[in-house]
Amino acid sequence: EEDDSDRQRYYGARFGQEGDIVINDYMNAQYTGFVGLGTPPQKVSMVFDTGSSNLWAPSKNKFLQRHHLYKKEKSSTYRKNGTSFAIQYGSGAVKGQFVNDNVQIGPFTIEGYNFVDVHDTS
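Mapping the sequence shown onto UniProt numbering, position 109 (from 1) lands on 109, and the numbers just tick up by one.
No false leads were mixed into what you were given.
BS3-like cross-link-like pairs, simulated, lysine-lysine; straight-line CA separation at most 30 angstroms:
1. K71 - K60
2. K74 - K60
3. K60 - K95
4. K80 - K60
5. K80 - K43
6. K95 - K74
7. K43 - K71
8. K43 - K72
9. K74 - K43
10. K43 - K95
11. K43 - K60
12. K95 - K72
13. K72 - K60
14. K95 - K80
15. K95 - K71
Quick caveat, the hints were computed from the structure, so don't treat them as lab data.
Using the sequences and the hints given, assemble the complete structure.
Structure (structure tokens):
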């Protein structure tokens, strides 16, 4: 059984640590906010999608031109995973590569989190 010290190491934050995590509600249909990706943290806007199991980080301008982009080459903690990601929806497709890097949400940091570096949408 895990104790709090195991969880603290895993999640990289103290339980009970306080801080603000701002989530924006868009018409009760979409929830957005900023996360920090990599080291040093790069501020990237995210949709907190409860219907998806993966975090997607845009890395190319054509994906979302008005959003901040994840630049893996600027992160000292980026690690290539080597696994491709592709999913098809009725409205188009999303393609990318799984990567591992630190993810910061509010005062909490998850080290080496596995997420998708999105480089193509159609």
